[in-house]
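A.B. asks: These are the residues of each chain, in order.
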Amino acid sequence: MLLGKVKGTVVATQKEPSMVGFKFLVVKPLDEKGAEVSGSVVAVDAVGAGVGEVVLYATGSAARQTVATKDRPCDAVVMAIVDTLEVGGREVYRKGQE
Amino acid sequence: MLLGKVKGTVVATQKEPSMVGFKFLVVKPLDEKGAEVSGSVVAVDAVGAGVGEVVLYATGSAARQTVATKDRPCDAVVMAIVDTLEVGGREVYRKGQE
Amino acid sequence: MLLGKVKGTVVATQKEPSMVGFKFLVVKPLDEKGAEVSGSVVAVDAVGAGVGEVVLYATGSAARQTVATKDRPCDAVVMAIVDTLEVGGREVYRKGQE
Amino acid sequence: MLLGKVKGTVVATQKEPSMVGFKFLVVKPLDEKGAEVSGSVVAVDAVGAGVGEVVLYATGSAARQTVATKDRPCDAVVMAIVDTLEVGGREVYRKGQE
Amino acid sequence: MLLGKVKGTVVATQKEPSMVGFKFLVVKPLDEKGAEVSGSVVAVDAVGAGVGEVVLYATGSAARQTVATKDRPCDAVVMAIVDTLEVGGREVYRKGQE
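Protein chains in written order, with this note's numbering: chain A, 3 to 100; chain B, 3 to 100; chain C, 3 to 100; chain D, 3 to 100; chain E, 3 to 100.
Everything labelled a hint here was simulated from the structure, so no lab data went into it.
Hints may be right or wrong, so weigh each one.
[As the list claims (entries may be wrong)] Only pairs whose alpha carbons sit at most 30 angstroms apart, straight line, appear in this in silico DSS-like list of lysine-lysine:
1. Lys-25/D x Lys-72/A
2. Lys-9/E x Lys-25/E
3. Lys-35/B x Lys-25/B
4. Lys-9/E x Lys-30/E
5. Lys-72/E x Lys-30/E
6. Lys-97/B x Lys-25/A
7. Lys-97/D x Lys-30/D
8. Lys-97/E x Lys-35/D
9. Lys-30/B x Lys-35/E
10. Lys-72/E x Lys-72/B
11. Lys-25/B x Lys-9/C
12. Lys-97/B x Lys-9/B
13. Lys-35/C x Lys-9/E
14. Lys-25/B x Lys-25/C
Quick caveat, the model's predicted, so the values are computed rather than measured.
With the hints as constraints, model all of the structure from the sequences given.
C.D. replies: What follows is the structure, given as structure tokens:
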């Protein structure tokens, strides 16, 4: 999984039928200190994540292992909302205190 | 999934038989602000996307989860046409208004 | 899939038994303008491609979706020979006219 | 697999139900000399690894081939704790002697 | 597949049970001229490769398509030992003559 921050949303009405009903989140990857790094991905939301939240997302075939995304052309899924990130014995992120 | 812009097409008559009939699109990845980034991919079109359109494409095994591409040697598929991209509370792209 | 140019071949007699009989091609990836980019991959040939040809190759599990490569430890396959590449309304490559 | 060093942990209570009970480790990849390289990943712990240990982690669908992670949206797993790393005829790392 | 050179070995006694008995090789990727490039991977040996040999290795789910590695958390496998590498009409590597 990768750490990411939800930055926005994508709306797409014309799409593969099996992808109807999903919320597409624009996610920016974060490094282990919580800082944004280059690149971005559009991930299906499986946990009710909102813009601004720090999340974990899984990519590749793992992204089809949620109840919602099984057998769909989905290669990235937000599967957890991060409460705390502790690195090097120090808490570098706590939800609600950023 | 990744944001991309359809830049062109590839024609290939001599190919794996299971790939006959597909439209191959040259797609340039976009960052979360809609700007082109380095690299490019050739993706099968599953949604009737045309040159110039902003799309979502899936890569890896996810690219075989559309009705058209199942069990074929396809590792990238355009599976949605983007209507709007909203990042940081701002609409950075709307189809037909670029 | 990625655009590539076949640059050479690899011979390997000592190998996983299921890989006997394959032709291993050294492929250099190309960008959307047909220029070589960094990196290279060794792909199994599924279409009779020769050195110097511009091809499409698939990577990952897609590379096992040809009749030849099914269930083998193959992560890259040349699955099409490119006739034409058209980008931005301009033909940037035509087989036999490079 | 990649060499990595466990740098920290992630706590996430709101997540895909199948991921409950896992320990999420922040892992920094190492090069063949044992030096940290750029990037980081969050991997499920399958071997009882602790912060500061040098480990091997597998990514992609391989990360679902442990008893614990089967059929879950997990794309990275720590599946071994490194005792020794020998490169170029020289021992560059031995557990407990770093 | 990628060209690589075996640079060393990793010993790990505490690991996922299904990985017991494998030889872990530290492999440095090579470009199409046989020169080492950045990065390194730890691959399971499926062909009896030794330190110093030039090999082909497969990554991702392909790495589980050898008899030895099936259904195991293995994402990289050395599946061939290279005899010759010919690029641009020139032999750039021959085993035993480097």
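A.B. asks: Each hint needs a verdict: does it hold in this structure or not?
C.D. replies: For each hint, the structure was consulted:
Among the hinted pairs, Lys-25/D with Lys-72/A is consistent with the structure: their alpha-carbon atoms are about 24 angstroms apart, no more than 30 angstroms. A distance of roughly 13 angstroms separates the Cα atoms of Lys-9/E and Lys-25/E; the hinted pair therefore holds under the 30 angstroms criterion. Taken as a hint, the Lys-35/B and Lys-25/B pair is honoured in the structure, with Cα atoms around 27 angstroms apart against an allowance of 30 angstroms. With a CA separation close to 7 angstroms, the supplied pair Lys-9/E and Lys-30/E stays within the 30 angstroms bound.
Between the alpha carbons of Lys-72/E and Lys-30/E the distance comes to roughly 24 angstroms, so the proposed pair stays at or under 30 angstroms and holds. A C-alpha spacing of about 18 angstroms is found between Lys-97/B and Lys-25/A, which places the hinted pair at or below 30 angstroms, so the restraint holds. Distance check on the hinted pair: Lys-97/D and Lys-30/D sit about 17 angstroms apart at the alpha-carbon level, within 30 angstroms; holds. Restraint check for Lys-97/E and Lys-35/D: satisfied, since their Cα atoms lie roughly 26 angstroms apart, inside the 30 angstroms limit.
Simply put, Lys-30/B and Lys-35/E have alpha-carbon atoms about 28 angstroms apart, close enough for the 30 angstroms limit, and the pair holds. Taking the CA atoms of Lys-72/E and Lys-72/B, the gap is about 23 angstroms. The hint holds against a cut of 30 angstroms. With a C-alpha separation of about 26 angstroms, the suggested pairing of Lys-25/B with Lys-9/C holds against the 30 angstroms cut-off. This hinted pair checks out: Lys-97/B and Lys-9/B have alpha carbons roughly 16 angstroms apart, not beyond 30 angstroms.
Restraint check: the Cα-Cα separation between Lys-35/C and Lys-9/E comes to about 36 angstroms, which exceeds 30 angstroms; the hinted pair is violated. With a C-alpha separation of about 27 angstroms, the suggested pairing of Lys-25/B with Lys-25/C holds against the 30 angstroms cut-off.
Comparing the model with each numbered hint stated earlier shows that hint 13 is the single one that does not hold.
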